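Hints are included, so try docking the two chains, each in its own frame, into the full complex.
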Amino acid sequence: MADQLLDQFRDAIEGQIDFEGQRLAEMITTVLLGAAGIVAFFVGFLTQDIKLSVYIGLAGTALTFVAVVPPWPIYNKNPEEWLSSSSTAGITIDVDGQKVG
Amino acid sequence: MHSTLVRVQNVFGFFTTVAFTVAAVIALSTFIHPQAPSASVQLRNVQVVRGRPHYYSYKKEEYAHIKFDLDTDLNSLFNWNTKQVFLYLKAVYPSAKPNQPASEAIIWDAILASPSAPWHQNHYNHPVPKGTKSKTSKAKSKAKKEKKAESPYPPGEIHLSNQKPKYQITDISGKLQNRTDVVLELGWNVQPWVGALVWTNKKTYGAWEGLKGGVTETFDFPEIGKKMKDLEVDKGKEGYRLEVGGEHPVIKGRKA
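Quick mapping for you: the protein sequence lines, in order, are chains A and B.
Heads up, the first sequence is in our numbering, so the first residue is 1 and it goes up one at a time.
Heads up, the second sequence is in our numbering, so the first residue is 1001 and it goes up one at a time.
Do not take every clue at face value.
[To be verified] Label pairs and their in silico Cβ distance ranges:
1) B:1111 to A:18: 54 to 64 Å
2) A:2 to B:1118: 47 to 57 Å
3) A:42 to B:1097: 50 to 60 Å
4) B:1111 to A:52: 17 to 27 Å
5) A:52 to B:1020: 17 to 27 Å
6) A:72 to B:1118: 32 to 42 Å
7) A:47 to B:1220: 45 to 55 Å
8) B:1227 to A:47: 47 to 57 Å
9) B:1115 to A:7: 56 to 66 Å
Derived from the structure by calculation, the hints contain no laboratory data.
These numbers come from a predicted model, not from an experiment.
All C-beta atoms in this analysis are idealised placements derived from N, C-alpha and C, irrespective of residue type, glycine included.
Okay, chain B solo, but in the shape it has when bound (with noise of 0.2 Å):
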């Protein structure tokens, strides 16, 4: 220590050590954040249809186009560490042949960000839910999209009904038709600041509780063309009208 340039690299070395320790306890400091999440996926529609990879392809694949609702409480994988949330929904169905593993392919995702992390443009938007729009005019909207996008949920609540795929998927085989026994099983990477990625834990570890839901029960592909079976999902009025009271509808001046 005994001139300028020797307490500069003592200090800065010693910084180093002090900052990795620190980062260190960090990192270990989020196995003591309870964790409790819970997901519900349910299976709104499915349909397969023959399409291309891309525009000039001879090759012609089946695609299956899954629609869902998901309703997830991540709320608890939020802690001071937490930098993002990879959130996905992947389609798991068995392959063709019986001794490969089951085929895997992500439907939809998004990046849930952390209130600490920077505005993205790849965040996750979560749409308003019909009929809560505000009202602010359009020079205060302007101003606010300028700030960050405001979610009207905390950061890990999704509430989506009836959500389109991201992505339409394909099989490597090409063919999707009338495979059976698929279900949808939404997983997450946890990005923190400092530490490791943890992907998603189904079973309970200390204060980390497993994921609760989380999965579909088994559906089918159905043919190309052919809608799914019926979900048993309520009819509108008109429908319930001609299918259980067998009524014509009344045109006016006659009598039946």
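Next comes chain A alone, as it looks inside the complex (with noise of 0.2 Å):
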């Protein structure tokens, strides 16, 4: 019982997701962050007002770390699938033309 809450609490933080999820974190943060950049220096330049670029540029930011922070579950809709240790009979595993296990 108290192991179960402690791997559940120990998931919460480290927040794990799957490849394909890495991927797409990956490429919000670069394009979220950017676009916030850009946006927040042409607005400031048109309106002439730099406190506006800061706003902005931070208002980006922590967007960005809400939408990428936090494990959401569209990070984890390509799960890997394990073997599990009982089926590796009939499984030949092959590394650098060798056969292993």
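Given below as structure tokens:
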């Protein structure tokens, strides 16, 4: 019981996502932060108000943190299927042309 | 990006890159903002007095007290990246020895805040010109004081007449009387929100024109206790009558 709770707690902290999710998270980070920077500069330049630039930049960054950091379900849509420990029979694993296991 | 901590580090890391890049672009964007500063400085009066640097000093030095007129139009120095402009007026005079560079001493300065800067006690408050004082009640003016002190002119505009110097200047030798070829010269630093400090530019670089004017004609520091040579300013009516017409003041009951 205590172990289960601890596992859940550790999973929540670690917030692991799958490989496709990692690719997606990386992309969203780049696009959101880059867009926030560009929008911040141009809006500030057109309104001649540097404070607006700062606030847009910070808001964009906050948005990126919220969008990327928690393990949202969208990042776990393609879970990796692990081999079970009992089903190794019948499957051969090649490493550099040599049969292992 | 597999765990929360790694994602936090990645996002923050790229955020610093973006922030630095945007700041650099903002700093560069000020170069396409055209500048055309102009100013006129005029000497009003200069006196040299003997004094001590502080109360307990045995050393006596000579101090110059220079009054001036200043009219500036530095509005174009205030772009979206300007935080404040440090404006100063310096007296420049040749050193006693000919092989030494000219001496410079600041006699007046002001911190001109841009509208984007928060209020600070050291910011310059332009005096309200005579005759245009607002008729607001005391309660209203008090409420205004708590806000920003409002200047009668835009941030880069200054119109000072017969302004007293902020600092009385002396020389390293302690002797200042009878110096010749003195000029007053206007200078400034533009302090941006991000980017480099920019000093007075006299030459034109691209969209930035150099300062027009901002230097007085040469004058001399007078002898101690003597007033400077007559500046040939108009005197009042009474002065004219006694000098030009040569009439004596009419006294009642007598005939000339």
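A quick look at each hint next to the structure:
no., hint, result
1, B:1111 to A:18: 54 to 64 Å, "57 Å, holds"
2, A:2 to B:1118: 47 to 57 Å, "54 Å, holds"
3, A:42 to B:1097: 50 to 60 Å, "56 Å, holds"
4, B:1111 to A:52: 17 to 27 Å, "24 Å, holds"
5, A:52 to B:1020: 17 to 27 Å, "19 Å, holds"
6, A:72 to B:1118: 32 to 42 Å, "39 Å, holds"
7, A:47 to B:1220: 45 to 55 Å, "51 Å, holds"
8, B:1227 to A:47: 47 to 57 Å, "54 Å, holds"
9, B:1115 to A:7: 56 to 66 Å, "57 Å, holds"
Figure legend: structure checked against the earlier numbered hints; every hint is met.
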